[in-house]
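Please build the complete structure, drawing on both the sequences and the hints.
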Amino acid sequence: MNDLIDDPEIGLNDPEFSVSEISVAIKRIIEGEFSHVRIKGEIGRVSFPRSGHLYLDLKDNKSVISAVIWNAGASRLQIWPEEGLEVVATGRITTFGGQSKYQLVVEDIKPAGVGALMAMLEKRKAMLAAEGLFDETHKKSIPYLPEIIGVITSPSGAVIRDILHRLRDRFPSKVLIWPVAVQGDKCALDVAAAIAGFNALTIGGAVPRPDLLIVARGGGSLEDLWGFNEEIVARATAASDIPLISAVGHESDTTLIDFVSDKRAPTPTAAAELAVPVRHELLAWAETQSVRIRRAMSNHLITRLQRLQDLGRVLPKPDALFIYERQKLDHTSERLPAALVALVQKQKMNIYDVSGTLHASFVRSKVDSAASCYGLIEPRLKSALDRSVNLRKTELKRLSSRLVPRLVDRKVNDGKEAFKQAAKSLSTASNQYVASLKDRLTGLQRLRETLGYKATLNRGYTVVRSGDGVITTTKEAKSAEVLEIEFSDGRLSVLGKSKATKKSATPSLDQGSLF
Amino acid sequence: MTQTLVDEMSFEDAMRELEQVVSDLERGDVALELSIKLYERGAELKKRCETKLKEAEEKVAAITIDSSGKLGMKPVEGL
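So the protein lines, in turn, are chains A and B.
Basically the numbering used here = 1-based index in the first sequence + 5.
Basically the numbering used here = 1-based index in the second sequence + 26.
It is possible that part of the hints are untrue.
As the list claims (entries may be wrong) - Quick list of in silico lysine-lysine cross-link-like pairs, DSS-like style, CA-CA up to 30 angstroms:
{"no.": "1", "chain 1": "A", "residue 1": "K268", "chain 2": "B", "residue 2": "K85"}
{"no.": "2", "chain 1": "A", "residue 1": "K145", "chain 2": "B", "residue 2": "K80"}
{"no.": "3", "chain 1": "A", "residue 1": "K145", "chain 2": "B", "residue 2": "K73"}
{"no.": "4", "chain 1": "B", "residue 1": "K100", "chain 2": "A", "residue 2": "K191"}
{"no.": "5", "chain 1": "B", "residue 1": "K100", "chain 2": "A", "residue 2": "K268"}
{"no.": "6", "chain 1": "A", "residue 1": "K353", "chain 2": "A", "residue 2": "K483"}
{"no.": "7", "chain 1": "B", "residue 1": "K63", "chain 2": "A", "residue 2": "K179"}
{"no.": "8", "chain 1": "A", "residue 1": "K179", "chain 2": "B", "residue 2": "K85"}
{"no.": "9", "chain 1": "A", "residue 1": "K128", "chain 2": "A", "residue 2": "K353"}
{"no.": "10", "chain 1": "A", "residue 1": "K144", "chain 2": "B", "residue 2": "K78"}
{"no.": "11", "chain 1": "B", "residue 1": "K78", "chain 2": "A", "residue 2": "K268"}
{"no.": "12", "chain 1": "B", "residue 1": "K80", "chain 2": "A", "residue 2": "K179"}
{"no.": "13", "chain 1": "A", "residue 1": "K268", "chain 2": "B", "residue 2": "K80"}
{"no.": "14", "chain 1": "B", "residue 1": "K96", "chain 2": "A", "residue 2": "K179"}
{"no.": "15", "chain 1": "B", "residue 1": "K85", "chain 2": "A", "residue 2": "K191"}
{"no.": "16", "chain 1": "B", "residue 1": "K96", "chain 2": "B", "residue 2": "K80"}
{"no.": "17", "chain 1": "B", "residue 1": "K63", "chain 2": "A", "residue 2": "K145"}
In case anyone wonders, no lab produced these hints; they're calculated from the structure.
Since the model is a prediction, treat every value here as computed from it, not as a measurement.
The structure is reproduced here in structure tokens:
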């Protein structure tokens, strides 16, 4: 065959392809050979154009292969492709002749084992933690008694039933369920949208805004729960203004949402328990408060009553306040009669002092002296008169011899008349003086009797006498041989020879012992 | 002591204040007039708490979203 072809250049006899021919040939070979492949690699750059298709790179340390997930396939994905995730992609290689390119059309994409998934989760966690999404300061407190509880979960299945049952047992509440897919690729988007949707509601609107959210899902494999590990769920949870309880999987399962939520419940049932208190316990509590209030109030009153009584007891009695003054009054009033008596006594002494000088003899001597004076004057008056008469008789005789008798007679008569007049006025003056002295004497005598001790005897006092002396001390009484007690109506002998009772008119001046 | 209208108080607020009233009253050093006020306030708060507890009822509804994206509610029964 070589001889027939006169062509010195080697290979010149190779068939020629047009570009399209070779493109188609390549396409046929590649797509035929790689119509179903599984490729393990790390996800590189991912882009989500508006078309809904999903473009990404799969790479290892040397090579890169472009991959596409058509939008129909994207919704069936179990996990959300994420840069850095080690995956095993299943699909076929297609070529794109127009650009001399080939790519992997992904039908399914799975994490390259649990380890890869966990490694990615750890990376994500570290990133969100660095952003502060897990900070305790961001966590809101759960309302004690929520008015409306929003539950984000599957509308069918055990989870919502468990939650409603437990709520019913504890505290029947208003519940709004936001149905979501709890696994598969829609899960993360649904949950994130539901959280944002509840937050967008207005309080008291046609669809009322809950004041507590519960995001719940039952137990499952790591892949089943993966939606709750997605970043969009974590970010929606962090952005929620409504306090949120996460309850995903069983107690041992921890998903990313649990780090961001305000409270993590180990199970959906436990979430219901965290959400509401137990009504009958609160009713009992309210009753207890009521009892405590009543008891405290009654203690208040009892304490005050006791204090009042205590104070009342220590308060001095009204009588006691005046006891010293009363005593003083008693003492003073006891001393009053004695003081009065002493005063009378003192006055009496004064009277004795005055009346002591006033004796009958004194008065009599005054009268006598007046009388003797009168006696002395009277004879002298008579002789003087006689002398004067004789003198005048002589003179008369001498003159009568030379005077007419009628004239003389008249003179005589005049003289006689004058004499009578003088004698009469003398007598009257003398009598008046004597009478006035007598009146004064009588007055003094009356005063003396009134003030004398006799009157005292009438009031019950007595005078103890021994003979003529007055006994004023017990010493004197003991030594006395004779003792007499003088009463108002006489004397009574109590010792010695009785003496004839005699009313004494001369009391002793020393009668202090009477009082 | 805040004089919020008791009838407008949330259960939690009423509960918190009631506990405060009780502990104030139990402290024993409040003046008599104040203790009477506390007593009356406590009685109102307790009544409010009980009302809130007794009016509780279960109502369950699910969110619906129509084709235009508008939200609605439909009652859920039998769960």
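Okay, the hints, checked on the actual structure:
no.	hint	verdict
1	K268/A with K85/B	holds, 24 angstroms
2	K145/A with K80/B	holds, 27 angstroms
3	K145/A with K73/B	holds, 29 angstroms
4	K100/B with K191/A	holds, 23 angstroms
5	K100/B with K268/A	holds, 28 angstroms
6	K353/A with K483/A	holds, 28 angstroms
7	K63/B with K179/A	violated, 35 angstroms
8	K179/A with K85/B	holds, 5 angstroms
9	K128/A with K353/A	violated, 132 angstroms
10	K144/A with K78/B	holds, 27 angstroms
11	K78/B with K268/A	holds, 25 angstroms
12	K80/B with K179/A	holds, 14 angstroms
13	K268/A with K80/B	holds, 27 angstroms
14	K96/B with K179/A	holds, 21 angstroms
15	K85/B with K191/A	holds, 28 angstroms
16	K96/B with K80/B	violated, 34 angstroms
17	K63/B with K145/A	violated, 34 angstroms
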